[in-house]
Amino acid sequence: MDWLMPQINLELILPEIIITFFAILILILEPLLSKNKKNFLAHLSWIAILLAFVANLRLWNLMETSFSDMFIVDNFAIFFKFIFLAGSFLIILVSISYLKREEMVHGEYYSLILFSTLGMMLMASSFNLVIIFLGLEIMSISLYVLAGFKREDLRSNEASLKYFLMGAFATGFLLYGIVMIFGSVRSTNLEDIIKSIAYNNGNVDLLLWAGVGLLLVGFGFKIASVPFHMWVPDVYEGAPTPITAFISAGSKAAGFAALLRVFLFSFVTIKMDWTTVIWIMSALTMTTGNIVAIAQSNIKRMLAYSSIAHAGYVLVALVAGKEAGVSSAIFYLLAYTFMNIGAFTVVIALGRKDEDNINLDDYSGLGTRHPWLAIFMMLFMLSLAGFPPTAGFMAKFYVFSAAVKSGYIGLVIIGVLNSLVSVYYYLRIVVIMFMRSPVPEAEPISLPLGSALVLLISTWGVLQMGIFPQSLLTLAMLSVSSIF
Amino acid sequence: MWNSSILTIITFFPLLGVLILLFVGKTKLNAVKTIAFLVSLLNFVISLYLYFNFSSDASAMQFSVRKVWIESLGISYQLGIDGISLFLILLTTFLTPLAIFSSWSAITEKVKGYYISMLLLETGMIGVFVSLDLFLFYVFWEAMLLPMYFLIGIWGGPRKIYATIKFVLFTMTGSLLMLVAILVLYFMNHSYTGTYSFDLLEINKLPIPLGAQFWLFAAFALAFAIKVPMFPFHTWLPDAHVEAPTAGSVILAGVLLKMGTYGFLRFCLPLFPNAFIDFVPLFSILAIIGIIYGALVSMRQEDVKSLVAFSSVSHLGFVMLGIFALNLQGIEGGILQMINHGISTGALFLIVGMIYERRHSRMIEDFGGLSKKIPIFAAFFMIVTLSSIGLPGTNGFVGEFLILLGTFKSNVIYAVFAATGMILAAVYMLWMYQRTMFGKITKPENENLKDLNTREKIILIPLILVIFWIGLYPKPFFVKMEPSVKSLIENAKTKYEENKLLGKSFYIDSNIPVAAGFSLRECSRAVRSSDQTAQAIR
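Chains as they are written, first to last, in my numbering: chain A, 1 to 484; chain B, 1 to 538.
Do not rely on the hints blindly, as some may be mistaken.
[Unchecked claim] If you anchor each label on the Cβ, the simulated ranges turn out as follows:
(1) R159/B x N359/A: 20 to 28 Å
(2) R159/B x D354/A: 47 to 55 Å
(3) W460/A x R159/B: 31 to 39 Å
(4) W372/A x E490/B: 51 to 59 Å
(5) A31/B x F484/A: 37 to 45 Å
(6) Y162/B x I291/A: 17 to 25 Å
(7) W372/A x E109/B: 43 to 51 Å
(8) E302/B x D356/A: 41 to 49 Å
(9) K443/B x R155/A: 35 to 43 Å
If you're looking for bench data, these hints aren't it; they were derived computationally from the structure. Just so we're clear, the structure is a prediction, and the values are computed from it rather than from any experiment. Just so you know, even glycine gets a beta-carbon here, dropped at the ideal spot from N, CA and C.
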């Protein structure tokens with residue numbers, strides 16, 4: 001047997017290399033820097049993100065695989081990497097002042113964020129189930145640690161442990177699913193799977209079906225869809241708020257990147273068979289998330305349930321399938337990144353040390369106390385609820401139109417009725433901010449430069465994607481061609 | 001150039017005012033008020049251009065403009081007006097400055113935000129009436145909810161939060177289902193013509209099978225019926241009206257409710273004529289129930305404002321009845337009655353607001369004998385009351401008479417029942433007037449009431465003038481709306497006949513050759529002849 005040196009194109013993984021290099025550099029520098037100079041590491045990390053962004057940009061329209069077809073760089077992957085990089089860039093900016101307030105300025109925080117971004121990027125770029133697993137693990141393990149980063153806080157510890165135990169369990173399912181698929185197909189390469197199914201004329205044996213089901217469990221956990229959503233509220237509540245935002249935007253998008261690629265590329269020929277399951281999951285996810293969100297009094301928990309609901313909307317796009325479905329899913333996830341991180345940034349700005357001041361009642365009269373902060377929050381809430389002219393509306397519109405196009409009108413009706421329910425609890429925040437009398441403040445609220453920047457960028461994203469979405473829509477449409 | 005940009009200017013001019021207001025200091029109350037008022041007044045002056053340059057010979061859309069907005073989805077920025085929307089736009093631009101002027105002393109908190117909301121609301125309302133692209137229409141339709149939501153929720157009465165959330169949730173229930181219907185139309189249009197477009201004028205040409213028409217009509221009609229509001233979807237209206245600030249009520253009754261009735265004319269009738277005709281009995285009966293029920297409930301109200309609110313249910317019932325009479329008189333009367341209701345009910349809400357500012361009460365039992373103390377107020381109130389009842393010589397008479405005439409032509413029984421509504425209107429309005437204005441002064445607080453000041457007179461006089469103008473010489477209105485209404489009815493009839501041939505299926509049969517140049521009639525003839533051959537072979 002000949003040993004073939006795998007063909008390696010390092011240029012393709014330049015963004016990943018940059019992120020890895022800086023993540024390790026930060027780990028090395030962290031003990032060398034004195035306590036008050038740790039901010040330097042934060043700046044290093046956002047510079048890393050920017051560099052990776054540029055490197056990623058250069059790969060646009062380059063359709064290539066490398067590492068023996070394990071790694072693929074196509075527009076789909078690149079668009080998703082933009083989402084991850086944008087997300088972690090915003091999170092890093094918010095974190096600087098947050099870590100200072102919570103008195104836990106440690107360099108490894110940034111290193112872990114970079115590592116988990118790396119994991120997400122790998123998931124989007126993988127062309128092999130094993131690489132998906134690898135990416136998922138890199139991302140998840142970093143997130144487990146980050147969720148428990150407030151070492152002295154019991155809730156944070158609880159979040160971390162819960163996330164870890166449930167996550168490890170879900171990863172086990174995923175891995176078992178990969179094994180079963182390997183057993184049936186004798187390969188973990190995504191293209192081999194589709195060829196094998198085609199070779200058998202679309203007849204799928206039980207082993208492969210079991211594999212498909214287990215993969216769905218694994219991914220369903222990451223995207224927080226019902227019935228694999230139980231971890232979400234507690235983890236979201238306990239984790240440090242920037243990490244909550246990061247999990248809800250980044251990790252969800254990464255889960256969807258893998259889910260979309262595997263299910264709509266490898267399993268596309270048997271789509272009719274698994275669509276029903278996703279249909280039911282989607283309807284349940286939207287409904288559960290939205291209805292339970294009504295009953296929450298803690299804003300982080302409310303956003304947690306809303307995040308479950310939004311996973312349901314993206315699943316509608318998966319049910320729709322085809323080019324329109326995938327591009328609408330991507331568009332939705334980008335919009336969600338902006339509006340969700342924006343909303344969490346306001347939560348962080350209003351929070352107090354030790355995660356205080358995050359109940360809905362603490363927002364009473366915010367419109368009088370801090371009109372600008374309240375207006376930003378209102379914009380993100382309206383966008384999450386799907387009011388025009390915001391990104392949330394365009395995204396929902398695009399997803400629902402893809403589903404109507406594929407003929408799933410029933411699911412779309414469930415979807416729009418759900419967004420009606422969501423209007424109630426998103427607008428409740430607006431009611432509390434603008435229509436209740438102000439509560440006295442313990443200490444004045446200051447908006448650090450980093451958070452202000454994040455608010456501006458998210459606002460730009462929400463309005464740009466809502467009013468002039470043409471350019472981003474075109475990008476989203478261009479990025480799905482390689483899958484079909 | 002001027003003709004194609006005038007609608008854009010009118011729609012977005014209030015936004016310019018919002019931009020200016022953002023840079024005015026929060027404490028400079030007078031500057032804020034004056035700027036808001038001047039911007040809306042100027043917008044009214046600009047909108048008069050439409051009236052004077054509107055050609056009353058053409059039935060096509062005028063002042064139209066079309067620009068690509070989101071190319072890849074076939075969404076365009078497309079505006080245009082015909083004789084139906086012309087007067088609703090003028091009504092909007094006419095009522096907004098009056099509403100703003102009426103808030104001068106009533107609004108004392110968060111003044112800047114209030115006027116910004118009013119101007120945003122104006123942009124949204126005009127946008128709804130001018131857009132001819134279904135997507136653009138939906139954007140305005142939804143976006144307009146938010147300023148109203150704030151107007152009720154921040155500057156409203158004691159139960160404002162309940163009222164405002166109810167308002168938003170009711171309206172959105174309908175409009176979200178309408179969005180689904182819009183999407184279905186969009187893809188139907190694509191499968192028929194091969195192009196993606198939300199262009200209403202294109203989609204109007206689309207033949208829709210009866211099965212699909214039923215559901216699409218239901219989705220659109222639900223959204224509009226909630227907005228009108230028709231019985232039994234009217235329950236949000238009294239709450240919203242009673243809690244809203246005066247200007248909010250004026251705009252709500254004057255313009256927002258008209259969006260529902262306008263929607264029936266602009267979308268439901270041209271798009272789904274067959275379903276529309278099938279639904280005539282249901283909607284006519286609901287309209288009549290609305291007329292009588294609204295009147296009866298009004299009679300028992302103790303709060304003047306909620307009396308006026310319930311009378312809106314009754315008046316809008318008339319409008320709906322006229323539209324569903326489906327003849328020239330009925331629809332023209334319906335359109336005129338939309339304007340009349342905007343003027344009269346708007347004026348009534350303003351008057352209630354003026355007395356509320358003086359007495360901080362709207363309860364009928366708190367008044368009595370006011371005509372002796374405030375005679376000018378009483379005179380204005382009388383004229384508006386009579387106009388609301390529909391006394392000959394005032395605007396209400398012309399509209400309701402035409403509606404009843406049209407209904408009589410199409411169905412005598414409906415007309416008979418509806419006519420009782422006019423009698424009941426006289427009962428509740430005059431009884432209320434008698435209890436508040438005549439008799440002895442029973443409450444000592446009413447002894448020292450001040451009569452109308454100049455600002456309040458300036459607000460009411462234009463409304464009174466319009467009341468008499470429409471009442472005595474309504475011809476200019478009919479001249480401008482007639483061609484549009486005629487062609488609306490004609491097109492609906494033609495389409496009704498054509499669509500009948502399509503059968504009860506849900507989808508357009510892809511076997512029918514629909515290449516360009518084929519008329520639908522030819523297609524269906526081809527299909528029928530092929531059916532006959534098939535039978536012959538058998």
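Structure-based check of each hint:
no.: 1; hint: R159/B x N359/A: 20 to 28 Å; result: holds (24 Å)
no.: 2; hint: R159/B x D354/A: 47 to 55 Å; result: violated (38 Å)
no.: 3; hint: W460/A x R159/B: 31 to 39 Å; result: holds (38 Å)
no.: 4; hint: W372/A x E490/B: 51 to 59 Å; result: holds (54 Å)
no.: 5; hint: A31/B x F484/A: 37 to 45 Å; result: violated (58 Å)
no.: 6; hint: Y162/B x I291/A: 17 to 25 Å; result: holds (20 Å)
no.: 7; hint: W372/A x E109/B: 43 to 51 Å; result: violated (19 Å)
no.: 8; hint: E302/B x D356/A: 41 to 49 Å; result: holds (48 Å)
no.: 9; hint: K443/B x R155/A: 35 to 43 Å; result: violated (60 Å)
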